[in-house]
Structures are given as C-alpha cells and as structure tokens.
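Colleague: Residue numbers (UniProt numbering), protein chains in the order written: chain F, 1 to 365; chain L, 1 to 366.
The reader is advised that the hints may include incorrect statements.
Unchecked claim - With a straight-line Cα cutoff of 30 Å, these simulated BS3-like cross-link-like pairs (lysine-lysine) come out:
{"id": "1", "chain 1": "L", "residue 1": "K340", "chain 2": "F", "residue 2": "K179"}
{"id": "2", "chain 1": "F", "residue 1": "K179", "chain 2": "L", "residue 2": "K260"}
{"id": "3", "chain 1": "F", "residue 1": "K4", "chain 2": "F", "residue 2": "K83"}
Keep in mind the hints are simulated off the structure, nothing from the lab.
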Amino acid sequence: MHVKVKEKFQVSPPMVFFIIHAMQVGVGMLGFQRIIAKSSGYDSWIPVIIAGVVISLVIRMMYYILKVNHNDVIEVHRNLFGKWLGGLLSLALILYFYMTGVLVLRTYIEVIQVWVFEDLPTWVLTVLAAGFVYYVIKGGFRTVVGLCVAGVFIPSILFFILLMPLEYADFLNFLPIWKHSLKDILAGAKDTTLTFIGFELLLLFYPFIKHGYRSHKWAQLGHWASVVVYTLLMIVTLAFFSEGQLKITIWPTLTLLKIIEFPFIERFEYLGISLWLIIVVPNIVTAFWGASRGLKRLFSIKQRYVVLFMVLTLIIVVPPIDNRQAVNTLNEWVNQIGFWVIIAYIPFLCAVQFIHSKWKRKNET
Amino acid sequence: MKRKSMLALLLLVFTTGCIIDTQIIDEILLIQTIGIDKHDEDQLKYTVTFPVFLEQGEENTLSMEVQSIVSETTEEARNILNQRAQQPLRYGQVRVTLFGKSVAEEGLEEYVKSIYRNPRIGSRIYLSVTDASTEEVMSIEGEKQKRIGLYFSDLIEQNIRFESIPETNMHLFLFDMYSDGKDAYLPLIKKAEKIPQIEGLALFDSDRYVDSIDLNETYFFSQLRDGNQGGTNQFSVKHEGKQEYVVIENVFSDVRYKEKTREPYPVYDVDLKVQAEVTSFTGNINLNNSKAVNQVKKQIEQSIKTECEKLIQKFQDANIDPLGFGEKYRSQTRDWNPTKWKDTVYPNIEANVHVHLEILQSGAIE
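Okay, chain F solo, but in the shape it has when bound (with noise of 0.2 Å):
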C-alpha cells in the first residue's frame, strides 16, 4: 500500500538540516574522545574528519534509496524482500531505532547521576522522560521537527563556551600529524562512526519532507556542521588533555566544561549538564517517533496506541539497567549494531535497489 503524507503534516526541505544536526549531535557528545583516542591518541582529529566523509556518502546512498521509491524504507523492503522477508527487516531497524532511544535515555540518565543527583533512582527520570515523549510524539512530526530546530539553536552558545579551555591548551600535543598506523586510524574513524548515528531515521521520515529529493543538499550541510562541531571539539580536546590523562577521563566534554569558571558561576559543568537536556530530547523524541512510525507501518495501527505501547515498555526496560557495567554493554552492542546498519546495511541496500531498478527497466523493454 501505498501511502501519502499529507501536506499539512510535511515539513520544508530546510527543516532536514535541523533534524539530521540534532540527530548526529547528542549524548555521544559527552565521552566520543576518549573512545577514539583509545585507538588514534593525539591523531584523533584525523578519524573525525575520514568518518565525516564516509556518512556523507552513506546519506547519498540513501538518498538513492529514497528517490526511487519516493517513499520510506518500509515501502523499500516491501518492493524488494517481499512482504515476510521485508516485514522482518523493517521490524528488525524498527526494534533498533528504539534501542537508540533507549540508550540515550539510559546514557543521559547515568551522566545526571554520576554529576549531579547520585541518589537519584533510574525509574524517576525515565517516567518523566516517557510522559514528555508520549505528549510530544501526540503533536505529531511536526512537533518533533520544532523540538529538533530548538534543540540545535538553544545548545549552539555551549560551542563558543567550549572553546574557553583554550586557556590551557597546549598545541604542540598535535605533532608530528599522523604518527599512528593508518589501521589505528581507521579503527579510529569505525568508532567515530558511531558519534554521528542517528541521520538513518530519514529512511522513515523521508515521506514527510516536501519535495523530498531536494532536502538532499540540506541533510549533507546538516552533517557536515556536524563534522565541524565534532572536530572542533575534539581538536580543543585533545589540545586540552594529555593523551594517559585523556583516556581515565570517561565525559571529557564534562570535565572540559569543569575549569571553566565565571565570577557568578564557579562550576559552569552543571549548567552544561543541564543545558545538554536541549541537545538530548530531541534525539529521544526523534527515535521513538520512527519506531513507532515504523510500526504503524507495518501493521496499519494509530500511532497513538503505539507510542503508548512503546512508552510504557520503556518504563519496564531502561531501570533495569542500573549499573556503568550494564549501560557500557548496551552502549557497545547498539553501537556495534548501528555500525553494521550504516557501514553495511545501507550500501547492501542500495546495491540490490539498484540491481533491482536495472533488472526492471530491462523487463520493461
């Protein structure tokens, strides 16, 4: 079946930037350096920038996808797997967008509890988060799209104020350039990878974007301000840190944030902390609301009783997770999972759309 989004509930191509910026910039945030210096040490800028260029050529592939079918990745399964093998796939991105969610949910949660409130129990946060996630998802696409352009525009002063550090930067950490293998590079890059997950949702959100093709131009720029920010950061980062300092330290950003200090404000981190709520919801809100897309999709319920159903189980699911050893675990499993989605899943889909397209044209003639 083919279905149509109406026009009332689409968004302009500009707003794609926003959703796809808000998307890749989250929790992830908090701790990517010391994840990548792990393996690239002071080089680790290098990384941020070879990852910066293979996302880019994923959303191309994507937009590939999107263009022929002229409708989101559920439609695609179904034109090219069929209606069981098709289903199965799409269920199996549904349950990983909803992972996402999770986890950062989960993520946000722990750094609250380690900086700010250490008595605070996991259950409080997540029934809140999932009341605002129901409230808002009930808005519809829209709603959402206005929580990412606020989430990117409310946060942006935090990137001025990141550069501050600067005070004790020392430059010459950075030389010599590319003193590491290019394998330590390149492992370097499969976890940056993972900072900028979150741009595939446009393969459920695709339907809602008037004239969808031309928001190519708009997720691309979306990415690469990205990239920017991402680099940014890290080069202040590892200009900042020493390299065995860096890698005790878990949320180098936080810590980053900690010798900042401002006659009214002798500890500025928990006023980041606070503020990265901003950056957080929006990629919550975002995840959930494709799951539940997704689903509604697939089995042509009202999104609403989905949500509903999704929220409550997130009460059921994140608490249990109460522990750095258990959040940790679901960190590398989603990541592992959301690398193989964008590194592989995404070209293998391409490829076979475009055998796929060949094939027919050839039929037809």
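Following the hints, complete the assembly by docking chain L onto the known chain F.
Modeller: Coordinates of chain L only, in the frame set by chain F:
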C-alpha cells in the same frame, strides 16, 4: 481530558523534588582543605578543615574545625569522618589538598585520581606538598587559625598572581603527570616561624616527589617554562670595582626553544627575551648613561644565563623534565620512545640559554 493529563504531568514533575535528597547550605559542612599524611607503615592520616557556623548566639560567629582520621584509604577516612560529623560533610568547596612529604615521595597518583574521580570537586583546586606533615603545617596559632580553610588557597593564589610561582592547579598537574615528555611540579609549603609560606616548587618524577627548588630558582624556572609577566629578582653586579645589587621586575618575558642538532644527542638553543624595569639598586649607578646601563645589563644577562643553565643541569642530574624537553623532542620525531628518551637521551641533551634583556625604565627618579 487534555487539561487533566497536563495536570498529571505537572504533578509528576513536582513530586520528583521529594525523591532527591535536598542539601541545604545551613545543614551541611563544607570541607575547604584536605591534608593527607603518612601515619604508620600502611596507614594514612587524613585531615580536613571546615567552617562551622553557630546557629544560636549573639553574633554570627564562625569557628573553624580541624579533624584528623587515621585509616588505610582516603575513602575509608571519608566514611569515618562522616560518621563522626554532626552534619553531613560535602566536598563541593574543597580549595586545596595538601600532601605530606612522606606521602608525596611514595607517589600521589592514587590520591589525585580519587579526587579527579569525584565530580563534586573542581578541576581548579590547588594541590600542594608540605615540607613536614600536613597536620603540623595546618595547625597555626592565633587569629589565622580561624581562616585556615582558605588560608592555603589564598596563599597559593596570591603567589601565582604575583608570579613568584608558575600557574598550578589539579588539571595542570594531571596533564604533566600523564604526559610522557614532561614532569609535574607543585608548590612546596613550609612552616617558617610558625607561619606557613611558599618555599619553592616540589618536582616530581611521574607521580613521585623527588626534588625541590627554592623561590630564587623558581623565578628562573617560570621564565624557562613559558615566560611570565612579572616576578622580581635581585642580581649582584660589579660597578666601578664595587659589588652592587640591582633589583629588576619583569614586565614581559618570552621563551623559545630551537633544536639545533639532533645527533648524537639533541642540542637546544633557548632564547629568553626579557623586558624588565629596574626597581631599585644600591650604590650610584647612573642609569641614564647608556654605557653604564649596558654594563649592568650584560652582567645581569650573564647571571640569568648561568642560573638557567645550572637549573637545567640540575634537572638532568635528577633525571626529571619539568621543562618539557621530552614534549619538544616528541613533537619532532616519528619514532618516539619514552623509556629510551628518559634513560639515554635526556641526560645527555645540551641546552644553551641565550638571554636578551631589555631595560625599559628605571622609575621616576634619576
């Protein structure tokens, strides 16, 4: 329906306030200074100071409490302290952590790490080594005892601002300690005539306190490290056959390292540019006479050069690298080997200091 659900959501938000423990400023004790000492073979003495505000009384009186605990680990000491305290102790306002000499000699990594691990404690806190036990240094008699909480942080901050010691805080210490090609330093505090004062710098090999320099050497050290914007020092010069003293105050100084040759061992040219003003001198040197000024300048340049080279030699003899020659070497090479650098290369490097002194002015009188 809609209004009801909104109301429910709002209620949910407000109830969270009851779940988290509130921390009211009147009902907690804020630790300002921590001291860590060796007590026995494997025991530590953990001393903290915190202000206590008396709730009832004629005026708002402030008293300072000092408590010591003996225990195996700092975490255990914190627990015991909390059990004893009349109100919960909190670490959000720690300003200084002092380490006794014996602790510092065995290595500070685990203690500093445990402070760094605690998100409540800021990165800008000062760390410092005391010449005797911290407990002894922290007990001052009289009026000052009331202000002991901030005494040490004020002492260090003031000295950094006055440029008698280079900038220091926990972040900088961690940076240097975890760097392969650089060694850390901390201010060294000593109690002289019952008053704690800054004695110089404690120099570290990785995390172990191995050597120290006095304030005079620290003056040259700060200039060699990254140049500075102040600091005063006295030099002896010969003028017309007599021994005279000239005091100069740095206005600006800048230092540059250049590697001249690498093989067999690196040779560095250290260019030190100092702009200074003469604040005081003995005897009758005519500072309006350019010949006399030049003579004085030459002699001061020479003594800065000797002092700096002596200092670098001293670091090499102790095999510590607080100036970061290793970092300079690492940034220029593609096969960097920290152990090889430390064992064979660093003790054999050569540094030639070239001083360019410029005397800007000599005050308001002739």
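Colleague: Can you list which hints this structure breaks, lowest number first?
Modeller: none
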